[in-house]
Structure formats: C-alpha cells, structure tokens
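Sequence lines, in order, name chains A and B.
Mind the numbering: the first sequence is residues 1 to 1020 in our numbering, read in order.
Mind the numbering: the second sequence is residues 1 to 493 in our numbering, read in order.
Rather than coming from a laboratory, the hints here were simulated on the basis of the structure.
Treat the hints with care, since some could be wrong.
To be verified - Partial chain A-side listing against chain B, Cβ under 8 Å, derived:
1. Leu87
2. Asn488
3. Leu570
4. Gly594
5. Ser596
6. Ser719
7. Gly725
8. Ser728
9. Gly849
10. Thr853
What the hints assert, rightly or not - Cut-off 27 Å, straight-line C-alpha distance, at most; resulting in silico cross-link-like pairs (DSS-like, lysine-lysine):
11. Lys255/A <-> Lys343/A
12. Lys132/B <-> Lys163/B
13. Lys493/B <-> Lys845/A
14. Lys340/B <-> Lys479/A
15. Lys189/B <-> Lys133/B
16. Lys464/B <-> Lys479/A
17. Lys343/A <-> Lys908/A
18. Lys922/A <-> Lys845/A
19. Lys908/A <-> Lys1010/A
20. Lys845/A <-> Lys469/B
21. Lys493/B <-> Lys840/A
22. Lys788/A <-> Lys482/B
23. Lys653/A <-> Lys316/B
24. Lys337/B <-> Lys479/A
25. Lys334/B <-> Lys653/A
26. Lys301/B <-> Lys479/A
27. Lys559/A <-> Lys301/B
28. Lys653/A <-> Lys45/B
29. Lys464/B <-> Lys845/A
30. Lys653/A <-> Lys482/B
31. Lys482/B <-> Lys731/A
32. Lys559/A <-> Lys45/B
33. Lys469/B <-> Lys432/B
34. Lys118/A <-> Lys81/A
35. Lys482/B <-> Lys768/A
36. Lys469/B <-> Lys653/A
37. Lys20/A <-> Lys123/A
38. Lys820/A <-> Lys845/A
39. Lys653/A <-> Lys132/B
40. Lys873/A <-> Lys123/A
Quick caveat: nothing in here was measured; it's all calculated off a predicted structure.
Every residue, glycine too, gets a C-beta built ideally from N, C-alpha and C.
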Amino acid sequence: MKILIYLLLFISPSLFAQVKGTVADESGEGIIGANVVVKGTNVGTITDLTGAFTVDASGDATLVISYMGYKTQEIKVVNQKTIKIILQEDAEILDEVVVVGYGVMRKSDLTGSVSSVKSDMLKKQAVSSFDQGLQGKVAGVQVIAVSGSPGGAVDIRIRGGNSLTSGSQPLYVIDGYPVTAGSSAGGSGAGQNPLATLNPGDIESMEILKDASATAIYGSRGANGVVLITTKRGKSGKTNVSYDGYVGFQKLAKKLDMMNASEWGALANEGAANDGRPAYYSTTSTNPLYPAISELGTGTDWQDEIFNSSSPIHNHNVTVNGGSENTKFSVMASYFDQESIVKNQDFNRVSFRNNIDTKLSSRIDLSTSFTASRVTSNVGRENGDGGGNTSIINAALVLPPTVPVTDPTTGEYVRMNFLTGSSAVPNPVPYVEYLQDKGTIDRVLGSADLSIKLIEGLTLKVSVGADLSSALREVYEPKQTNTGYNANGIASQQNRRNQSLSNENVLTYLKKTGIHSINAMVGTSALSIESKSSSMTARDFISDAYGYNNLDAGAQWDKPSTGRDKNTLLSGFGRINYVLKDRYLFTVTGRADGSSKFGANNKWAFFPSAAFAWRMDQEAFMKQVDWISSLKLRASYGVTGNQNISSYSSVEKMNTYVYPIGGVTNVGIAAGNMPNPDLKWETTAISDIGVDFGFLNNRFNFVADYYYKKTTDLLWNISVPLTTGFGSVLKNIGSLENKGLELSLSADVLTGDFKWNTAINWSKNKNKVLEIPGYIPTQQGTISGHLKVNGSWLEPGLPVGVWNLLKTTGVMRTQEERDKAARVTSTTFDQVGDMCFYDKNGDGKISFGEDRTIVGDPNPDFIFGWTNNFTYKNFDLSVYINGSYGNDIYNVLRAETNIVSTWGNQRKEVNDHWTSTNTNAKYPRAHVLVNQNLLQSDFLIEDGSFLRIQNLTLGYNVPKCPFVKSLRVYATGQNLLTITNYSGYNPEVNSQGQSNLQLGVDYNAYPASKSFILGVNIGF
Amino acid sequence: MKLYKYMIIAAAFAIGNSSCSGFLDEEIYESITPDNFYKNEADAKAGLTSVYQTLQEQNGYKRYIWMGAEFPGEAAYANASAPSRVEMDDYTWTPTTDFCKLIWQVSYSGIRRANNLLLNIDKVTFKSEDTKKQFIAEAKFLRALNYFALIRFYDHVPVVTEKDNMNAEDLTNEGTDDTVWALIEEDLKYAESVLKTSYGATDMGRATKGAAMAMLSKVYLTQAAWPWNKAGFWEKAALKADEIITKESSFGYELETDFRNIFNVNNEHGKEYIFDVEFVTNINGHDITALTGMRGYNVKKTDGWSSLISTPDFYKSYEVGDKRVSTTFLVDFKDVKTGKTYHYDPNNGKEPSFPLCHFAKYLDPNDNLSTAAGDYGCNMKIIRYADVLLMQSEAYCEMNQIDKALSGINRVRERAGLQALPSTISQADLRKAIIQERVWEFAAEGQALFDLKRQHAMADRMKKAIDDKYYSLPVPQDEMDKNPNLKQHPLWK
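Could you put the whole structure together from the sequences, leaning on the hints where they help?
So this is what it looks like as structure tokens:
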C-alpha cells in the first residue's frame, strides 16, 4: 500500500459539483480514454478502464464527449447526477484501442511501434497454433514453421535475432499472463510447440510490440519483442451462439523425384566400376536381394511407403457470448483433429475457455479468464540425424529403391539397408506402421483480475494467475522396428510438470485537464516458474503386447532420471503517457527486474525507455491539407533485456559421473563447469523512428519504421584452455546489432458493392556480430554427426548463420580442365569427371582450412506479406501471400541424395552426371565412396527465396437463412502454390528448430502439406 | 517527471518489502555445489570415482585414446570411417584433427578431478588413515595414467598439480618434460607402496599394487627408448618387470591358456588381468564392439559399423597355427538372424566368406546383454600380463641379455601355439621378433603407436617413408590459440 500513499501525495482530486457517467459503445462495452469536456471551458476528464467518468460541471452545462473512431456527441447535463452515453461508431475514422503492456491505449496515443492482428485474419487459416497465424501479417515478424508436423514448433523472430546462446523467441502474454508452461515431455516431431495447447479460435486480437517504448515495460524479457494476446470476452445484451467449423484434407505439398531401382542400379554399378569394386547388380542372379540388373524395375518408392495419400483435418469451435449489465461471459469450446501426412500420426486438441467479467460494485470489477485444454499427438521418428539414428524422412529418401520393404524369401521386414557402401538407415516402414509414441499435454491457464476504482481516474488492479501443465510421453518401440529388434522391445515413459504462478499489482491513473492528458501506470509483479521431469525406460520384453503400459515386464531397466528446475522473477515497473494538446505525446517507462538466474553479483537490472510522438495532423497548418487524414511521427529509445538462459548457469554445479567398480554402479561426483558469479542478462538498446500516415480519409494507411538494435553483454561460452579441466565458461561478452526497415501499406482500394481491401508489408533486417573478445571464429555445432557436417560460421563482422565452406567450380570435364584444377588429397576424387574446387590461397592444393570462403547466408534480404480481401455482395474472397527473398538454405540432404554415390538413393536429376559420353553434365561422376570435400562445400547451399500463396479462401454469406442469424460457407486452399528454385521439400524450413546459430538448415525436416478445406460460420 | 520518480520509488519500496525472504536466491535441486562438498568418506569416494570415470569417456579409452594409438599401427584400417580416423590411419593428421583436441581434453579433465580430490582430501574425516592413503594412491595412479597418455602422445605437455592454480590459463609446455616424468614416477611409486595386490569382489576394478608396478615398468621402458633415450632406464624397466614376474604367483598373474578367455566378459578379472577400463552393460557400456563389428551382417544382435577393421594382409601375416587368429579376427560366425554360417577367407570376399577383415576381440560371444549398439560390457585392456612379459623381453633385449630376454616372449608364443625362439637368435632379430610379437598379441588393443614409437620402427613396419612427426600428436590448434605460452611440438612447427 505504500504506492498508494505516494500516489495520493500528488493527486489532488477536485471534489466539487460532480457529474458521473459512463461512456459506452453500441454494444454496451465501456470506452476507455474517451474525452469528456464541459463545453466552453477547459474542464474535462477522460474515461477510465470501465468507461466511467466524473467531471465537475454545473447543472446546465453541456458535455462534449469525443473519442477517436466515434462520432462526437454533445449532451446537456440538466441536473442529472449520472449520465449514460452511447457513442456511435464513426466508420470513416475508426480508431482502435490497442492493448499494450499492463494496460490499453488509444492507437492515436501510441508512441511505440505496435502492430495488431485481429481474429478475422486468424479465422481464415486452418492452423494448429496461433503463432503460425502471424505469418506474413506483420512487418518485421519472421515466422517459420520449423517442422511441417501438426503442432510442430514454430520459430518467430521479431526484428532479427538478438542473441547467440539465449532464447530468441518473443514473450507471449495471454490476457496479461506471461505464458511459459505447456512444453511436452520430450520426443521429436509433433506436439513440440507449447503454444499449440491454446486454441487459436479463442483469440480476439494479437498485438506485437516491437520497439523499446512498447517492450521496455517487460524489462529483462522484452528484448525479443512481446506478443500480447487478448481472448474473446462477453458483451452485454442478447446471448449470441456461434459455430465455426471446417473439414478438409491435406496432401504432401511436394514429393521429391527420386531415382527408381533401374536408374539407381545402373548408377551403383557405374560407381563400383569407377572405384574398382565389384558390381552391385550383375546380369544374372539367384539372390533375391541382389536381382539381376534387368529385373530391377521401378523398385520401392519409399516416400509412398511412409506418406499418406491424403490426411483429414477438422476443427469445431462453439462460442457462446453474452451477459447482463453486471455480468458478461464468453464460453468457448473447441475440438481440433489433424492427421499427419506421415502415416499413423496425428495431432488432436480439445479446449475449453470461460471468460467472465462481473461488476461486484460500482467501484469493483472482477474479471476472470480460464482455459483448460488437452493435446494428444501420435508422433514418429522424423527429425534428427540420419544414418543409423532413425529419421524416417531420411530413411525414405536415402534407402535405395532396390531394397525391398520385406525380404522376398522370409517375408519379414528388411531391418536396415543391407547394401555395402550405403548409409546404414533402418527400414522406415515398421516405424510408421508399428511404433507407438504418444504425447499428451494437459494444461490449465487461469487468471483473475480485481479492479478497484480507488478515486476518480485511479484504478488498482490486482491479478493472480496460474499456468499449470502436465505432459506425458509414452513410447514403445516394438520388435518390428530396427531399434526395437536390437533391444527386444523398448518401452519408456517420460513426465514433465510445469508450474508458473504470478501476482501483479497495477495502479492506473487517467486524467485529462484542459490540454493535458495523462495515462500513468505503476506496478509490481512476482513470477515463479518451476518444472519437474522424470523418465524411465525398460527393454527386453517377452511380448510386444504390453506396449508402453507395463514397464516392469521388461527384463532390463535403464537408470531412471529426474530433474527439477525453478526460477523466479521479481519486478517493479511504471509508465507515463502524457499528451499535450492532443498532439505532443510523451511516453516514459521503466522496469526493475530481479532474476534468480543470474550471478550473485548481478541480481537486479533497470530497463528504461522514452518516446516522443507528434500528431502533425492535429496542427492547425495541417488541417487545411484535405487529403492527409492522419500523420504521426514517432521516435523512441530504450533498453531491454534477455534473461532466457537455463537456470543455474552462474553457479558451479557438482555433476554425477558413473563408473562401475565391482561390476556395479559407483556414482562419482565432480565439478561440471566453471562458475561465473558475474553472469547477467543480455542488454538490447533499441532506437526506432517511425511514421504513421493516413490519407484520403484514412482509406490508405502507411506505416514505416526504421530501427537500430544493439545487443551487448552477449552470453557466450568462451573457451578456456582445456588444461583447466574445462572447455568453456559462460560469460557476458560480445555484442551484435540488427538494423532494419519496415514498411506497411493498407488500403481500401475499392469501396461500394465491390470492395477490395489490401495490405502489404515488407521488411528488411540486417544482422551483424560486432565483437566477441577472446573468441576464435569456428564452425558452430554439428548438423549431422554421421555425415560430419558442421553448422554455421560465427565471426564478428558477419551476420549470424553464414556458412564458410569450400566452393565448387564445376565438374572437371576434360583432362585439360583436370590438369588446370587444384589438387585434392584423395586421388579417387581427383580424376576427370570429379568436382573441381576453388583454390582460394592459390597453392594448387585444396585444403578445407585455407580454401574455404563464405558461400551462403540464411538471412533474407527482405521478407514480405500481402493480403487481399475482396467482397462482392454476399461473396468474399481472400488471398494471403508471403515470401522471402535472398536467403540461402543449407540443404544437407544433398550430401546424401545428390552426391552421385551409392551412399543412398539419388535425386532423378543426378542421372545427368559425368560419364565419358556425357561430359557436359551437371553432376560429377559416380562413386561408391563419398567425396568428403563436397560435404564441406557450397554443393549443399541453395537459394531459398520463395513466394507462396499461403491461403486462398472463397466465402459466401447465405442471405436470409431460416433458424440462423447468419451463415457463411467457405472453401479454403492452403499452401496452394510455391514459386521457388529450392529443390527440397519446403523452402520455409529450419530443421534446427529455434536455434540462434543455425538458420535455414534443411536436414530431414518434416515436409509441408497443402490442404483443402470446407467450412461454415454460423451465428444463432 | 516528478511523478515518474515517485513511481519508481514506490515500485522500489514494494519490491523491497516483498523480496526479503530470498525470493531470488536460486534453489538447486538436482545437483550439489562444491561448498562443503568434501566432508565424509563417501564424498571422497565419489570424488575418486569421478577420476576413474574419465577413463571410460568417449574421448578417452572408449574411443579416442584407443583409436588414436591403434590406427597409426599396421593392424588397423579405417575403412570408410569418419575423416579424422582416416587421417590417423593415413598419417595425414594435423593440429585441427579432433583426436589431438579430444585426447588432450579428456586427459586434463581426469587430471583436474584427481587434483581436486588431492587438494580437498584433508578436509575429509576418515575412519581409518589407511582408507585415506588408499584413496590418495588411487588418485595418484590415475593422474599418472593421464600424464603418461599425454606425454606418450604429445611429448611436451603442461603440468598442473593440486599445489598449483588449477584455473591457470597460461601454462607452458616448454621445459616441462622432466617435471612430468618425475611426477608420473612419483605418483606410481606412491601407488605401488600403498595399494593392495588384490581386492574383494566389491572393489574389483580399482588400481592395484601390481598395476602401479606394471605401469611403472612401462614408464621406464618408454623413457629408455626413442625419443627420450635415457641411460639406465632399460635396466630400471627390466628390474621392475622382474619384481612382478618373479613373484607372479603372489600377485596371481599368469597367462590365460585360452587366448579367447582374456576377452571373456565373465573372466575380465582373471589371471591375466592387471588393469582395465571397466565397462558394464546397462551402466556404462561402450560401442567398441559395434565400431569393430561387421556392417551388413548380424554377428551380434545389434549392428556393427566396420569402422576400425583390419586388412587381409595383416591377417595373413600371422604364422600358420597361431591360436590368436580366431580371437583376434572374425573367422567363423553364424548370422544371428538368417542362421547362415560364414568363414573368412582373406583371398575371397564372396560367400561363404565375406568382404573386409574384421577384428573379433570385442565380439565376445558371452557379451550378449547389450540391446543397443553403444552398450557392450567387454572391458578395454590398459595393461595385461602378456605385456609385462613382453616388456621384460624388450628391456633385456636392449640390454643384450638374450637369455633373459627370451623367457617372456617365448611364454607368449607358447600360449599362442607357436614355436619358441631359439637361444641363438641375434639381438637385432630378437628386437624384430619382439615388436612383431607385440603387433600380433596386442592388435586392436591401442598399443600400436607406442610400440612402434619406442623402436622408432614405423617406416620399417609400414614399409613406407613416414615423417617422424607422426610419432606424436601436435598440440591442438584450439589450445594453441587460447594459450600463447604453449609451444607447438618442434616436429610440427
């Protein structure tokens, strides 16, 4: 209560002849921040969070009530003590109320860079999680579905990546609650996106906070941007029931054209001949696994073996909305079911939401939001490293077509690739047919806000909330699968419980006197996040019948493992938004954060921001310029942080190390890392200048922003000499920058009977690592262990994610070309018909360390989105297009499928490889062995630019339908067409998930699907 | 602006009030922090176990130390294995080859853990002073083993003990050779003086007095030979080997009659055992069996990768009737899935033979608990009794005492079913015979590089010119970049 006392010190309310009232819109919803002025005076106020106001006025005064987007109203007081005013919407200049951190604001009062996405945009897309719905809708937001699996992870970068090692995803705040729970219990593939536990149909709007003026209020979690999600709430009046549903099917968007058995057999024999090995397929054979070359035929199409020809998807949403004067409610129930394009996999969500707003008294409002959901998914073994590591996508593409699904003599599944000199991939068919891997996540997210109007204009909001989730993963690898065969069946169960508890106390003060208008807020928050996990595995089962249900039936058990992790965050924050003469806007924010994750010497941080905006259109000299309807210039600067590191990173931990003595487990304990008590958050300073420009009666709106972000105190595991016994220590060291330009234009191009509304956004971000003292540039991480393909190259002066590899200069077509070329170490790959590499240092020899050069950059030159909505009478048509230009993809699969070797099946285009009769070929000559230099070269880099018709929807509003208030039917096609030169499944890819250092990598990524959907929206 | 200030003050007060209970202190549930960790015997024992543990790491004897010493020899062939293994096989390794970094890493990791225990052991209250000495002796034995691996691979390495600043980032490797050798000898001598000759079942696998003596003999032998050539060390090595051999029955050492039995998981601590890296399925199993196992055939239930294999030429180098062949190589096996039987013929890769010559020491038929390619339980030998016998022969041969030299090697040959070498053999011929015997006896056991190095015999054995620098690993490039006080090996400059 100390805050209150301080506040009371400087608030001097005028308690004279008062008129009270409420201002509401046509639906009865209170209007926040409406101007209420006594006509002919400077006396006035603005309405509070519930739309209520109190103003000093004599009995015969006239009140002028105005609010952006509504028609201004004048009303005589005539000795009324309470007045209820309903404002009519002014469709021409509709101004939005925008949700900002810990409050709401009129869009016209904003000084920061905030973009909104409304529910009608989301509704048109069949997506399993709302974050996918942001794709292409907002400038500066790059959304990549890193896995095509339903419920798979999505990578979102707002204005580029700010970090090398910490999280780079934005903070998601749902109805004021920062969400962190919902993660799965483990496993790859589907169900990995914690946000997929929330029903996209519940969402009313999403606000994306991009610059420091908007995000600094979230302090140490604001650096990656913030996505504020508001769910649908009830409105008083007649109860509305609506049903939104769709059914459809999905198909593999693109099947890769692989060689058939005859083609591959010929290539294999050619490679064997070139490498001096016996031919794989002779002219006659009695061995059914190695048939005669003439009998190979088309062989096995492994893609057809694992992918469905079509997979159904359906979704049902029922919303009941309504309420009385005092209590408003919104109840939503939804069911979503999607079968994967990979056989026998699916994703399923049931969710329920109940949002209630109740007036407890004239001063006290209670608002509760509650949602419960269950997500289940059956997944497989898609992602991850290929070879013997069991990625079925890898296996389906790499397994030669000459390998049959079942052994023709025994009738049993071929367990793995039996061909010598060929990748040891398992047969993927038993995995899609028999593997059981089921994930379940139960989640409850509830919060309650109590708003107490203390005095006029001053409201205290106390919020408590909890986000609880419990996840289970049950796996059984039966004996038909390769891994299950080896272990005689493996069953495992993994559990994870996440719990996040929060308390927030926020005081808001709204006041307008004459030309001054203040919207001030101060608050505190405490957040505690805890997770517990456990895992157990048993092997060697007599029978597959137990599945994952009876681990005790296994003859052998793995060591069980458990984990527990807790972190806390304590904060104080405040914001003042001051508007002078309705045209000069000032916002100052500040937040102090204390985080348990950081070192003992650096527990607390302060994150300030300041912004100024000038509404030029309000100036007298602009009033005469007819065609300009609004013009605002904005500038902001602020500091935000990133505390997204794992807990306990700063302390020295004693780890356990097991060694058998006497044949039994002995647990050893030793220090596992070097401690760093100075560890702290990463700091990002953001400057932003922008302009909001509306013209021709706001029919056209243009927004432009330029930003510069510099992140310092980057967390990096800096190497220490190994003689210390450790490899590295986590330190705050180094800096990087992101700068960019965002443009968006929206327009009602055509109005009238035929309406055309269009919105284009375009953004460009340039990322650069500035410095990492003491770091020697190296390749970062490993993309494929069995191929020995490493990750991106990190070096100050370059963007994050670039690749530093050898450069191919073409096939050595003739002896002359071969003689001129630089020599490679292996003579096998140094003959006519082999690949030639660029000899950077000109020493006549190719060595990886000295001849590599930057050959690719995964960061796009620009990304864009374009939405079009057409309506004609009862018909509506919308087209969403998005794209990316100038980004490269590290197509690691080429190391297996385009390598002109018997290592694996090859793409059809590899038929065009060098032979003595085809010297002008695209690909080098065939081998059994794999040319390791090609695996370390730009042979794996491709242009990833694309333009995609993401969504095309045609709808029809059925007029005058009996029994229902409204009825719309529609047909949607998703991911219908992609224009790209990229040869893999999907140019929009990152098989490395949300990694900061590995961008644009495609290795065994789950392919994208296209879908065709029929849906209805019914209002009762 | 006044308002803003008040708000921040207000927030600060609110926070001040609610944070008094240590809300932001990290509570760690999963692990222990080093503050006051070393208190009782159990803590010291856990500290000691962590030192043993580095032996079985992938960078250690599970892969890199073993492979790094084996590939440069004549027995092993890297087939189409990972590029760095091919480099070790082809003598094309460089300071950036991962072997250089990983062997360095795992050795210093073990040294750090040993030093940590030795530094903190006085904080621990022991019930008996003997237990404390036993722990110290084991830690010193393991530290010596790590330094011995380092100096054998790299020749010139930094030295850090519990008395030094263990976090120092500026250690040098110039002029440290004598200090390293002295430390190794001192640690092993201490271990010899304290450790028991054998243990009961529950302590099986711990370092013994015999292990310390055998290693000490090897340390002397190494210093006597190239490139150290220290005078008087052949004698020291011979004397130490004699001390063991003359009392072999009291140590319980003897050659196994059946060569296969050395690698039998049920006989791992049999009479030939001196010191092993312990592997147990379902605790810390390894994939050595898979690395040496055969790809594409079902020799074991889990798959082999044909990664460290042998060559038909090496197979054919064995004398006719050598009983070690059927254990050293995969000769006969029955495919566990198809039931087909195979017999290896080095001159023919077609059925019923098969292509590529495979080792079989780690394909023990009794090692059948593994349900994954990385969970085999067959121990990795660091030193076994045949080695002591052959060390004795090598030392006496160099001292030109042929009679004494012949006894060890002839016992090994006898067990292999081969004829004894004649007493008339010349020193030069015996020298060649000993190295040949070691190559046959210890094929795939991670001895090759050091055996060739002592005799400076790489070019001779491999029958091609090989630069002397390939007797050692260069200081890893990463480490050179981080620490300017490190000097690259003179041959690698």
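Now for the hints, and whether the structure bears them out:
no.	hint	in the structure
1	Leu87	violated, 30 Å
2	Asn488	holds, 6 Å
3	Leu570	holds, 6 Å
4	Gly594	holds, 5 Å
5	Ser596	holds, 5 Å
6	Ser719	holds, 6 Å
7	Gly725	holds, 2 Å
8	Ser728	violated, 10 Å
9	Gly849	holds, 6 Å
10	Thr853	violated, 18 Å
11	Lys255/A <-> Lys343/A	holds, 15 Å
12	Lys132/B <-> Lys163/B	holds, 18 Å
13	Lys493/B <-> Lys845/A	holds, 20 Å
14	Lys340/B <-> Lys479/A	holds, 21 Å
15	Lys189/B <-> Lys133/B	holds, 13 Å
16	Lys464/B <-> Lys479/A	violated, 50 Å
17	Lys343/A <-> Lys908/A	holds, 25 Å
18	Lys922/A <-> Lys845/A	holds, 23 Å
19	Lys908/A <-> Lys1010/A	holds, 23 Å
20	Lys845/A <-> Lys469/B	holds, 21 Å
21	Lys493/B <-> Lys840/A	holds, 23 Å
22	Lys788/A <-> Lys482/B	holds, 24 Å
23	Lys653/A <-> Lys316/B	violated, 53 Å
24	Lys337/B <-> Lys479/A	holds, 13 Å
25	Lys334/B <-> Lys653/A	violated, 49 Å
26	Lys301/B <-> Lys479/A	holds, 12 Å
27	Lys559/A <-> Lys301/B	holds, 22 Å
28	Lys653/A <-> Lys45/B	holds, 18 Å
29	Lys464/B <-> Lys845/A	holds, 23 Å
30	Lys653/A <-> Lys482/B	holds, 24 Å
31	Lys482/B <-> Lys731/A	holds, 16 Å
32	Lys559/A <-> Lys45/B	holds, 21 Å
33	Lys469/B <-> Lys432/B	holds, 22 Å
34	Lys118/A <-> Lys81/A	violated, 38 Å
35	Lys482/B <-> Lys768/A	holds, 24 Å
36	Lys469/B <-> Lys653/A	violated, 40 Å
37	Lys20/A <-> Lys123/A	violated, 40 Å
38	Lys820/A <-> Lys845/A	holds, 11 Å
39	Lys653/A <-> Lys132/B	holds, 25 Å
40	Lys873/A <-> Lys123/A	holds, 20 Å
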